[in-house]
Structure formats: C-alpha cells, structure tokens
Amino acid sequence: MLNEIAFLLCASLTLAGAVAAMMLRNLVHCALCAAGAFAGLAAIYLQLSAEFAGFAQFLVYVGAVAILIVFTILLTRGADIQTGRAGSSSSWIGLLVAGLVLACLVGSIMSSPGLVRLPAQTANAPVQKIGEQLMNQYIMPLETMGLLLTAALLGGVVIAMREPAKANPSAR
Amino acid sequence: MDGAGIIKGMIETARNFAGSYHDEARLTTVQYPEEKLAPVENARTIPFLVYDGAEALPGLRCTACMICEKECPPQCIYIVKDTVKKPDFVGKMQMQPKVFDIDISVCMSCGICVEVCPFDAIKMDQVFELSTGDRFGGLLLNKTQLAKPNDYFNKLHKTEAAEIDLRRVEEKQKAEAAAAAKAAAPAKPPMAPPPAP
Amino acid sequence: MATASPTELAASAPPSQIMEVAMGPQHPSTHGVFRMDVSLDGETVVKLKPVFGYLHRNHEKIAEKCSYLGSIPYTDRLDYICSLTNNWAYAMTVEKLAGLVPPERAEYIRVILSELTRLINHSALAGFLLQDMGALGTPLMYAFREREKILDLFESLTGARMMCNYMRFGGCRCDLPPGWIEQVRRLVSDFPKFLDEFEALLTGNEILQARTEGVGVLPAPLAVNAGVTGPMLRASGVNYDIRKVDQYGVYGRFQFRVPLGERGDVFDRYMIRILEMRESLKILEQALRDIPGGPIMDPKAKLRNLRPKAGEAYGRIEGPKGELGFYLISDGGPNPYRYRVRPPSLINLTVLEDMCLGQTIADVVVILGSIDIVLGEVDR
Amino acid sequence: MNGLDQIFVGTGHWIAGLFPVYVQPLISAALEIAIMMAVFGGCFALTSVVERKLLGRMQNRYGPNRVGPFGLLQPLADGIKMLTKEDIVPFSADKTVHFLAPLALSVPIWLAFAVLPFGRNMSAIDLDAGILFFFAIGSASELAVFMAGWSSQNKYSLVGAMRAIAQMISYEVPLVLSTVPVLMLAGSLSLNEIVAAQGTYTLGGLARWNVFTPWGLAGLLLFLIAATAESNRSPFDLPEGESEIIAGFLTEYSGFKYALFFLSEYLGLFAITGLAVTLFLGGWHAPFRWLEWVPSWLWFAGKFCALIFLFVWIRATLPRLRLDQLLNFSWRFLVPLSLINILVAVAWYWSGSWKSPVALPVRWVLCAALVALPYHWLAQSLRGTLPPPRKYTYAE
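Chains as they are written, first to last, in our numbering: chain A, 1 to 172; chain B, 1 to 197; chain C, 1 to 380; chain D, 1 to 396.
One chain only, chain A, in its complex shape (with noise of 0.2 Å):
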C-alpha cells in the first residue's frame, strides 16, 4: 500500500514538473521546473531499489544538466525576454504530430517480446557486481562513450577558445 502511493506521488511529482517545464512563461522557472522532473526520475529509480542508478541520475541530472541548462538561458539572455503566448497558432498542426509520435511509441512497445507480465523481481545489483559488469561484459560501450565525452569537451573547449580571440585580438 505504502509503495503504491509513493509511487503516486513521484510519478506525480515528476508529470508536473515536465508540464510546468513545457507552459511557464519565465524560461528560468521552465529550467527550474525541468530540475524538479529530473529528481522525480530519480526519487522513482530509487523506489524501484535501484540505489545506483537513482544516486547517478540525480547526480548527473540535477548537479550537472540543470545547470548546463540555466547557464545556456542566461549566457543567450532569454532569461529577460518574456515570450509570447506559449501555444503556437497552428496548434491543430501540433496535436496531429504528437498524436502521430504517440501512436507508434505504443505499437512498438505493445508489440515488443520482453512485455510478457512477469512480476517485478527486486534488481538488487550492488554496487560490485555493477562495477564488474562495467569492466568485463560492457567495456567497449563504457570506453567508446569516454572517447566520445572527451572529444565533445575538446569541441567545446576550442569553439569557445577561438570567440574571445577574434572579438579583441588586440587587448589580450
């Protein structure tokens, strides 16, 4: 009884916050709000007795992405500019494509094998036996996603060399 309304309360948590990220007018209040979904995700991870990934998900999400989030906001100045209406005006366009999204998310969960009813065995995967896995059965994806983080930071690192050169060769 007790996990079913604890379940209630973050999926809740986690649906408002995605709402309010999508309507609010103020873009800080939308980043803000997004944080609060990410936590909810994690607050249903660690429900679920997933210590690991909760922990990771809210470490990442709410430490890390809010604030990439915030910071992309106020650095491009949204934050001031107060947008207009939030619903676009062709808003019939919109639903027909969200329509069409959601239909063929359903099929392709309906129809895929792994949805057979099997009670929700407790993953209790310590923090060992996840570490093992890592470096034995998944290393190449744990490597290749290094590779692929480094050179992204590389990317950005010299987009954002190369601006201050060209606006004041001068001064520095």
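Be aware that a few hints might be false.
Pairs of lysine-lysine residues, derived as DSS-like cross-links and limited to a Cα-Cα distance of at most 27 Å, are as follows [stated by the list, open to error]:
id	chain 1	residue 1	chain 2	residue 2
1	D	53	B	36
2	B	86	B	143
3	C	149	B	8
4	D	391	C	244
5	B	158	C	149
6	B	36	C	149
7	B	70	C	61
Treat the hints as calculated values from the structure; they're not laboratory data.
Use these hints to put chains B, C and D onto chain A, whose structure you have.
Okay, now just chains B, C and D, sitting in the frame of chain A:
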C-alpha cells in the same frame, strides 16, 4: 617549497592563539564597563569652569572677558555679561558671567579656550560618559552644570593645577604686600621722602 | 600585459553585455564614502569613474573665516589617521608666513611625532589592504594592537589619541611629560618584533603574492606626470622623498634610506610601506638619542591675533600618504585670505582608472586599498 | 566497554521496543532523524559562537563573552535576532524563487547525515553506494545557490551566484577524485565497509588509518582543500566576498532566510568534515589498540572537532583568492594531483607484497616522492616562471 609561506602564516596565528592565553601582550582587550583604563593626566574631553572656595557661582574664576567665545573655532561658547561686579581672589573688582553656556554637541574638545583664557577659569575635563537621550537641552550645559571645584581640577591635571595654585598664591601675596605698602604710605607726609642716610 | 586604452577595451564587448555597477558610497571596502562607477565585461573592468565629494566639509572656506590658531584643530580632521603631520604642515606654512623659527627641541619633537604617525599609517594600511583581500581581520588586529600603543603615547602627550591639535606656530603646545621618552624608546625597541611577525604572516604568503603581483601596475612616467607622490611614487621606482629633497625641520641630521620599488604593482606598494616603517624606526632611534633640552616655543610667537604681514607661502612635508602641502595667502588680517591644501590622497587617486583597466572587480578593491586614501583628505 | 559504546543504540532499541511491531521501523527512523537534527542543530549553534571565540583569540581579543557564561548563549541571541529581523524581499525580485532558494539549499544538506557512521553500528542507513549518495546530495546545492543569486535581481548577487557555481562545479571534481583511492583500497562504496577496512592495528598498536599512508595523507589534504572550497569557506569564500561584492548571493536576504543560508553553510561543513573523518581518519576507530575502551562515538566527535578547528584556523589566516586563480588552482593543480594520487595508491597497493623488513620505509619514500615531485612541478606551472625575487634599491 610552495606551501611554505602559508604554513609560516598559520604558525603565526597559532602562536597568537596560544599566546592569548598566557601572554598579556597578546590579549590587549580592556573589558570596558568592568575594567577601566587608568586616566591619563593630559587627556581632555569637554571644558568645565573652575571655582575657588565653597559655593560654585560666586567662586567662579571666570570674568566674562569673552576671549574664549571669540577664539573657539566651532563657536560653541555663549556668554552674557552680568552687570554686578564681584571681587576676585586678589580683591580687585571683576565682571562675572550671567549666562555661560557650552553646547557640548558642537564642542570638538580642541582645548583652545583653555590656552587663550588669561584667568585660568576654564579647564578640560576627562569625563566621557556624556551620552543623553535628550538631544536638544541635554547637551547644552549651563553655568551651574559646568562649574567644578578647584580640587577636582587638581585631581585631574596635577602638575598644571599645582603651578597655577602656586602662581595665584604668589600674586595674592604680592597684591597684599602692595596693598599694605599703599596703606602704609599715606601715613607719611606726601612730600618727597627724606634723603637716604 | 599592456593596459589597453579605455576606448579599445570598451569597444570589445558588445554594449548590452557590459554591466554597470556602482561600487559605493555604501561599500565595505572604499575606505570611507567614495563611489566608483565601474562598467564590467563579465568580471574585468572596462571603464571606472571615481566619484567623490560625499565627505566635503568646506574646510578651506571655514579656514578663511577662522583665525590662524582656530583652524589648527580643523587640520586634525583632514587626514584623520595622521593628525600630527597635518598640524606640522600647517604650522610650518604659517611659520614661513610669519617668520617664526621653532627652537631645536620643538623640531626634534615634531620629527619624533611625525615618524610615529608614519608607523601608525603604514601599519593600518597593511592591515586594511589585507582586509580588502579577505583575510578576515587578523592582520588588521595585529596592526591595531601596535597602533593602540602609539595612540596611548599621543594621548599622554597631546591629550587626545587621534585629534592631537598639538603643534603651534613657532613650536609645540606643551612639553613632554616625564617618562614619555622612555616609553617611546621601549616602543621603538620592540616594534621590529611586530614587523617581523607581520612579515612572517604575510609577505611570504603565496595567496597574497598571487593576488598582488602584477596587479595595478603604475608605470613610473605615468606616476610622475599624474603628480603622484609618496610611497606610491617610490614603489614605481622614482626616487623622490621630500624629507631628502627639502630636508625641512632637522631631517638633514638623520641617516636613513629611502626604499624604491621595481615594478610598481600592489605588492611593491605594500612592501615599500613595510620597509619605510623600518626606516622610520631608525630615524626615531637617532632622534630619541640626541633630543636636546630647552624651550619648546619661539619667544617671539604670539598665540592670539597673529597677523602675519601680507604675502603668500607654500609649506610641504612628506606625509605618510605623500606630499602634504599648505598654500596660504595673508592680507595682514587675523585670518588668511586664501587657504589651500594639497591633498596627496586625492592626487594619488586620479590614476586609479589607469591602474584598474583590464583587472577584475576583486583587483579594483585591492588597488584602491594600496593607494591608501582617506576621504577626509580627498574631499576636504 | 560495550555498554557505554552501544549506549545510544541500546536506548534506541529499548524505545522502539515500547511500540507495536508493525510501527517500530517508523519509530526508530523518526528517532534517528530527531537525534541527528538535535545534535547537528546544537552543533551549528555551538560552532557559530566557538568559531567567533577562536577567531577572536587568534586576533588578540576575547570574542563574544557577554551573553551567558563565556558567551555560550550567543547563538540564542543570534537566533532571536534573526527571527525578529524584518524579512525584506526586494520589489523587483522573483518572489517564488527568492522564497524557495534557502529551502532548496538547506533541505538536501540534512539528508547527507543519514549515511555517515558516527559510531560502532551507529549509522542511520547502511547504503551500498553510500559515497555516491553523499556526492549526489552535495551537488544539489549549486542549483539552490543559483536560484538565490538570480532571483534577487541584484548585480552583486548575480556576480556572486556565477562565482559560486563556477567554484562549486570546478571543486567537486577534485573532491570526488580524492576519494577514489580510498574506495579502491577499501573495495566498496559503503562507508561502513570503508571504516571497517581501517579497523585493524599494526604490530606497534597503531591503527591502519588511511591517513598514515602517503596516498592517504595527500588524499586528505586534497580533500580538505576541495572541502573548504565546496563549503565556501575562507580562502575560497568568493561567492560572498564581503570586501568585493558585498555579500554575493546573500545580499538581498535578511531575517530567517539569511539564517537558513547560514545554517546550511555550517551543515555542509559538518557533513564534509564527517566524511573526511570517515574516509581518511578511520571513522570511529581508536588511534591505538590500548585506547579501544573509549566509546567509539567519542573518537568520531574528537576528530570532528579537530578538523573544525583546522577550518577556523585557516579562516583566520588566509586572504581570498581571485576567481581566475581559484579556477586555475582547481583545474591545473588539484585535479592532476588527485589523478596522480590514484597512481600512488596503486603503487602502494602493488608494493604491498614486498616481504623485506625494510619494505615499509622504502615504500613510504617511493610513494612520497611520487607525490611530491608532481606537486612541485604543478605548483611551478601554476605560478608560471618564477618572477625574479624583488630587490629594493635604497637611495641615500
């Protein structure tokens, strides 16, 4: 080594921290209301009027000569002369102030009134707990509030008071000797005194 | 890194990105009521306009209405940290005007008091500079512990700790109380211990070096053109100390050296003041050793209604902040016709913008602290 | 020994036993939360006055001693003052975010205490990924600081918020990296296992704490430097650099909201100090075998107070860094050094199997050199070519 400067600084604060418990040079705070610093003889805060003898007003040394009022840079002294004269310590008839106000909220305790006063009538006090809630009348001290006895002055500025008292005693004797000589002179005939023997 | 000219820097950042910040007049580290309109591009300073006048008390007009004697207490309040050097500069100018010559003993007392004032000013400056850099009060408290000892000496001699009002035209107001010379001798003998302690705490500190080296560089030609004087000028390597140039009073009889800096940045200005304190101690030792007896007032000097003959005089001394000068025009009346003060803080302040361009907002506070301004003197 | 040591755990079980079985977990959880809030709330009050007294003593003065004996009622006076002060919200401020910021900052910090082992089996939750939980909670404070800085719509608070975020992000990396050697050699992320790994004693009776190994000592110093930066304390208190940007992101806060920020800063400091004690100073273990009779929670409290004194001592001495120096210091000095520290831990672990009697000092010298040399080179590169020492000419 790169951390050496910071470590030397930390040792310095540690020495002061330990020192503050046993070495009184490292703990210089005086707990004001309980402990008080020894009074310094030359210290000056606001002026006061000196009077001799027992009662305050007739004994005032001030002769309302208005020099201090003129010389005071922030002009915070206000004097009104009295019409009645009174004899001073030598017996000569001198004027006296009917009103003598000092606005101590304006006074900047510079002590120039003390320097220019020819009669040693105004000296610098050492009291500093003067704050009052009454902002208008409270800080305007009149003659009676300003008057303080000569021995209070001796207690505050010992050396200076001693010199002044000495000089006043000599003047008093010189004046009496002159008065006695003048009283004795008319007993002889007014013509030239007989030639010296 | 050459300090770029203001227009060049300003053009670099698009106008909408520049943030105008008014630092002051209620700001924790502007040494009094002083405002700087700083335009920032991110954290670097693009334009800085000092705005002062908040503490203007019309000192020079009041002096024209006041008698010569009456404006001596007002000079205490010019640079309220070193009142005795202000008194001396004013008294020296009036002596030039009225042709009075103070006796030997008065001259020695004046040298001792002004060197003690220099110790107070430089130690207080080092304390406040570190306070601006964020060391929460520790260096300031050590500096003030030493300053208290010197202020007690002033109180036992002149009657007040900061508003001394002690110098008169032709000498000093009262003679030294008994035992005063021994107290000064004892203070001078254990002051170096404090200086070594202070240097141990600060000069080697890497964070202090990182925050001050290469910050707020004042090139020597700019300093000379802007009329900067005092430790700031000497930190840029220019050898100009009025005690050596004019040798006023009895400074000619003392052997002491004038430390000169090399690069003229904030660290040099801090270091020059520490070295100057050591030189002042040397002067004090020599002055205490051979202070003569005798009168402390020129017999010709008149206390009240001094009416110097018509004419003008400009007297200057090496104040702790720089060349403090008084320019008086007398028309023979009891009060001066024109009374002008040359405030070293104000003139040293004019180069603030040139030093701050291109630095960050944290440096602006440290550079202002290293200039050592006192708003009483800047605004008069 | 066992009675006094387990006194809190025993009373906890006894109180829980009074209640029916199905509600017992709830009661014991509520009890733990109540105790933790009481202890660390009181510790915050005590530290705020003890810090001011220690600062005072280091500055040749007394520190608060008027309210109560030795000034110990000063936090009460501060609390009442904070409660009665008017809570001014600037007109142009973003009301909701301005109100939520202190909450978003102080609520997660309380969670961090759940995972710290204060004594023998005295940790609220024994999480398998304890350290990851701790750092997840720690990273939530950046968002709250941004909310505070941005919502005050004040130039100084915006500058303060930007500084705070830049500082916290760039100092979280060395903070996490300096704990990696401890996790590697303890073999687990759970704090209790880490403390257990440091439980054994050498022949001479000295405890095998991580700090008595070269990589442990270097790790502790790196951790403490990063911890001072993470909790915005002295050499790194740029976000509220009083002398530069007035009070940074705290400028527009007054009354109880300011007190909440003050509380969460101290709680952050306690949590990080607790973690430092657990990781490097052997948690609640006694330093020597013959000292084991002292209750375990007393050892934790002793080490905790020692580190707090160290933080206050640093705050009394060091001036503040500038923002670019701060970031350079982290990225070009702390991060490479903590990576090298991991290598040193590997070298220490690998050389563990040497049997010769003189192995220990040789290993120590080897690993210490492996840390000291990069320390010197990195400091060199950080400072740039060392400027010639200043020579001051003297004119006669």
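Going through the hints against the structure:
1. D:53 with B:36: Holds - the C-alpha atoms of residue 36 (chain B) and residue 53 (chain D) are around 22 Å apart, at most 27 Å.
2. B:86 with B:143: Measuring from Cα to Cα gives roughly 16 Å; hence the hint holds.
3. C:149 with B:8: holds (26 Å)
4. D:391 with C:244: Distance of about 22 Å is within 27 Å: holds.
5. B:158 with C:149: holds (23 Å)
6. B:36 with C:149: holds (16 Å)
7. B:70 with C:61: Given pair residue 70 (chain B), residue 61 (chain C) holds - Cα atoms ~18 Å apart, limit 27 Å.
Figure legend: structure checked against the earlier numbered hints; every hint is met.
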